[in-house]
Amino acid sequence: MLTPLIPEIGHFALIIALLMAALQASVPLAGAATRRPLWMAYARPMAAGQFLFLVVAYACLTASFLLDDFSVSTVAENSNSLLPWYYKASAVWGNHEGSVLLWSLILGVWTFAVSRFSRELPRDMLARVLGVMGLVSTGFLTFVLVTSNPFARLLPNPPADGADLNPLLQDIGLIIHPPMLYMGYVGFSVVFAFAIAALLGGRLDAAWTRWARPWTNVAWAFLSVGIALGSWWAYYELGWGGWWFWDPVENASLLPWLAGTALIHSLAVTEKRGAFKSWTVLLAISTFSLSLLGTFLVRSGVLTSVHAFANDPSRGLFILALLGLTVGASLLLFAVRAPRVSQRAGFTWLSRDALLLVNNILLVIMTVTVLLGTVYPLLLDALDLGKISVGPPYFNALFVPLTVILCLFMGIGPLANWKRTRPRELVRRVWLAGGVALIIGLLAPLLHGGEWNLKVTLGLVAALWVVLPLVRDLWTKSHHSEGRLAGLRRLSLAHWGMVLGHLGLAVTIVGVTVVSNYAVERNVRMAVGDSVEVGGYTFAMTDLGHRRGPNFVADTARLEVRRGDRERGFAMTPEKRVYIARGMPMTDVALRPGLFRDLYVAMGEDLGDGSWALRIQVKPFVRWLWLGALLMALGGVLAVVDRRYRRAATAPDPERHAREVNA
Amino acid sequence: MTRRLLLLLPLAGFLVLAVFLYRGLSIDPAERDSALMAEPFPAFTLTTLADPERSLDESLLKGRVTLVNVWGEWCPTCKQEMPQLLELADRGVRLVGVDYKDTREKGREFLSEFGNPFEVNLFDPEGSLGFDLGVYGAPETFLVDAEGVIRYHHTGYITPQDVERVILPEVATWQD
Amino acid sequence: MAGLIRALLMLALLAPALAQAAIEVRDFDDPVMRERFESLTATLRCPKCQNQAIGDSDSPIAGDMRERVHEQLQAGRSDKEILDFMVRRFGDYVLYNPRLEGRTLLLWGLPAALVLGGGLLVALLVRARRRASAGRLSDEERARLDALLEREDDR
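Same order as they appear, the protein sequences are chains A, B and C.
Quick note on this note's numbering: the first sequence kicks off at 4 and runs consecutively.
Quick note on this note's numbering: the second sequence kicks off at 17 and runs consecutively.
Quick note on this note's numbering: the third sequence kicks off at -19 and runs consecutively.
Do not take every clue at face value.
Stated by the list, open to error - Below, simulated DSSO-like cross-link-like pairs (lysine-lysine); rule was C-alpha separation at most 30 Å, straight line: (1) C/K60 <-> B/K117; (2) A/K390 <-> C/K60; (3) A/K458 <-> C/K28; (4) C/K60 <-> B/K95; (5) C/K60 <-> B/K122; (6) B/K122 <-> A/K390; (7) B/K122 <-> B/K78; (8) C/K28 <-> B/K95; (9) B/K117 <-> B/K78; (10) C/K60 <-> C/K28; (11) B/K95 <-> B/K78; (12) A/K480 <-> A/K275; (13) B/K122 <-> B/K95; (14) B/K95 <-> B/K117; (15) C/K28 <-> A/K275.
Bear in mind the hints are in silico, worked out from the structure with no lab data behind them.
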């Protein structure tokens, strides 16, 4: 029987993966530098081999969790024999060791994908790209093996049972949130590798951006979904109905997203117009650096955070060294090799180029602001200037106006032409949309509560201002002899991707605006037979009880909920659980989701005399937050499946060629 | 040349950040100085643990350097801290206890079981003095000088090493 | 085994920090008072927890602080007086909205400076680029280019 050896097999597989990563890094890079095709050819098989052994290592750790092998310390600390199998499998990444292994595995996935789908790349470019990814992987796998070995054993006296997975993590949101987030974080390593390869090869034409764009969009889409999932999880799991806390860990994921958003726009400009070349390279480096920084902030514990469940300064030192090497070396390379000549491509104030420049600068300012707020307490502390906190009021005060300004430019950006647009033409394209946005924005709060609200107006106008000009634009563009539908079908997928991406942001903004201003919350004391009215709904408590789950016991409540004076109602059943292994109490909220409002009931404390404290909330439009993120992600992916990227990238497209000559 | 320097800017920015991150690794974000450092000990009127009829106020702390220790029967680390406090009392340090969010019976039981290094114990069942001191968990210890001004603050449990290395030197500093 | 015990202890210590929402019933006669209470408890940070507002935490100290906020509101204190009251006891650490003072100048000032600097940068860049494109085209060429761009735009 090999079962007792599974952790050792995993450990060895991990070591082999590290060796292969080191070969994948060194040989092809040396080959590209010395023009040796044989050496360059090492890249693809090594990428495949590394991926294979990472899969084996990961599978072994998963097997240890599923088989309840409590002699493995990660398993003993984060699993329990009573845990359902799907939580055992997801407990693999519910802890530090497993999550860094997942990080490495996902880097392996991206590397393998690049080696499969980039056959048309010039040989030296592919060798350099895979080589750079191999370097990152070498660093990370060394980190895993040296400081965070997931296969470490507790021998000779393994515990009889495990300490259980933190109950907060026993949840579907936490099953899918980290893999999505990591797919995003790590996915930015591809565009990073392309940028570094271009710097190394001295070929900073627009070609690398065309190759890198699809990868970047997909990584960005994953990160969008990952962030949305994290927000959704916090919303229903932490029991107070908040969806964004400006916690350092959340900020750590927002930073690469903001930089990545700037990057996908700047890649577009560089690919289409050959402009912003050094800027795009810098953004590519920064985006991945911020992903690494996020990993550092979360894994080292330098910032106090609700999420810092796995921190350790020695690991922090290792990641910091890794971060310093990767980012320092890349930025140095950038300073030395970035193109010296400034471009000749001209444009005027009212051009898509100029508007995209503004977009980039605003996104970078937003990134810097979030970074500043996140690390500022640390800066002061390091300078011995005392401990302060920077929280939601600060971030909201700065982020909201910046977003409004961003929207202002987003409204006209997609309608402007490259190089120059005549002002009168632009006004003709947007005036109607602007007027309608303003009217709806002003009227909506009055129609809702009869009371005007500046914040609501601002949010709605910003969102509509982003969307309506696009709709009008679609209307114009869909003019076709065979009818509108045929006209719409004629539009490129890349265009649809842009439309969806912008629509998604607008949907999120509407959600944020409405839920922040119109959510209703009541904390109430209720016993069986009591009823209370919140936000137009009547909540009547009909029953209190107990129940036993696989690894918890729970107090349960049952509420009959009716809207206004309607006859038919529905039941909501919140629970207050105590997880047995850790003795940890948990609120399991009852949710009644809806496109236009969520009902949210959480059980608090037993107040004695048969009554409980309950928190009842009506949250309008809260789903729009995450719906918007999904639309954005969909937009990012749609833009990639465009025909343009599936064609061999080396064959010049005549139409494009003509355009470039014109430019 | 200026352009070259401009291109080095991102690297410079990153290096500055990296230095701070490195410093951050050796800083404990949970360790904070009391907001009352160099401030007079907050005013209070509380009865003693031993005698519900006897009430004391902040003038208790004037005239001599005193260690004020906030404890409670419910706090397990307070039990581990008692041998160190007894040693400090043996070495001539004046100790005043604050029995924080406790009941009289439990507080007295605690002292009879683990020893009583305190000259007197203030009984603070509501945690009002604790709140004015900015206490957010027990044990916490404050060093008050002869003028009744807070001079040193220790969060969490005093280890045997802390006695020699931190507490006694601080007491000696403010004694003069 | 010692490692495991230490790890378990660590988790036990961290567990309350990850705790969930506090739900308590509090009656307000005045909706404005309720709003002020909610906003104050959302901007004061719990000193004991990892990173939670006192309104969101069920740790005992957060409960005490909510109680004090409530008392002081009933006693007619202003928001600023209540915040000062907390800072005197727990330090600036409990303010999620850091005050503007010497050490936070950069925190509040840098974003504003960046917006100004960014605007200036855009202005300079566009001016330079405009010069690069202007003057090279005759009116006729420009008209043709406009037509071309228009067509491309309609695509």
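Evaluation of the provided hints:
The straight-line distance between the Cα atoms of C/K60 and B/K117 is roughly 28 Å, inside the 30 Å bound, and the hint therefore holds. Distance check on the hinted pair: A/K390 and C/K60 sit about 20 Å apart at the alpha-carbon level, within 30 Å; holds. Between A/K458 and C/K28 the alpha-carbon distance is near 33 Å, which puts this suggested pair outside the 30 Å criterion. Of the supplied pair hints, the one linking C/K60 and B/K95 is violated, its CA atoms being roughly 39 Å apart against a limit of 30 Å.
Restraint check for C/K60 and B/K122: not satisfied, since their Cα atoms lie roughly 39 Å apart, outside the 30 Å limit. Restraint check: the Cα-Cα separation between B/K122 and A/K390 comes to about 36 Å, which exceeds 30 Å; the hinted pair is violated. This hinted pair checks out: B/K122 and B/K78 have alpha carbons roughly 29 Å apart, not beyond 30 Å. A threshold of 30 Å between alpha carbons decides the hint, and for C/K28 with B/K95 the separation of about 21 Å falls inside it, so the pair holds.
Distance restraint check for B/K117 and B/K78: the Cα-Cα separation of roughly 25 Å lies within the 30 Å cut-off, and the hinted pair is therefore satisfied. Proximity of C/K60 to C/K28 is assessed by CA-CA distance (about 22 Å); at most 30 Å being required, the pair is judged to hold. With a C-alpha separation of about 28 Å, the suggested pair B/K95 and B/K78 falls inside the 30 Å cut-off, and the hint holds. For the given pair, A/K480 sits about 20 Å from A/K275 by alpha-carbon distance, which is consistent with the 30 Å threshold.
For the given pair, B/K122 sits about 13 Å from B/K95 by alpha-carbon distance, which is consistent with the 30 Å threshold. In summary, the hint linking B/K95 to B/K117 is supported, as the alpha carbons are separated by about 16 Å, within the 30 Å threshold. Restraint check for C/K28 and A/K275: not satisfied, since their Cα atoms lie roughly 53 Å apart, outside the 30 Å limit.
When each numbered hint is compared with the structure, violations occur for hints 3, 4, 5, 6 and 15.
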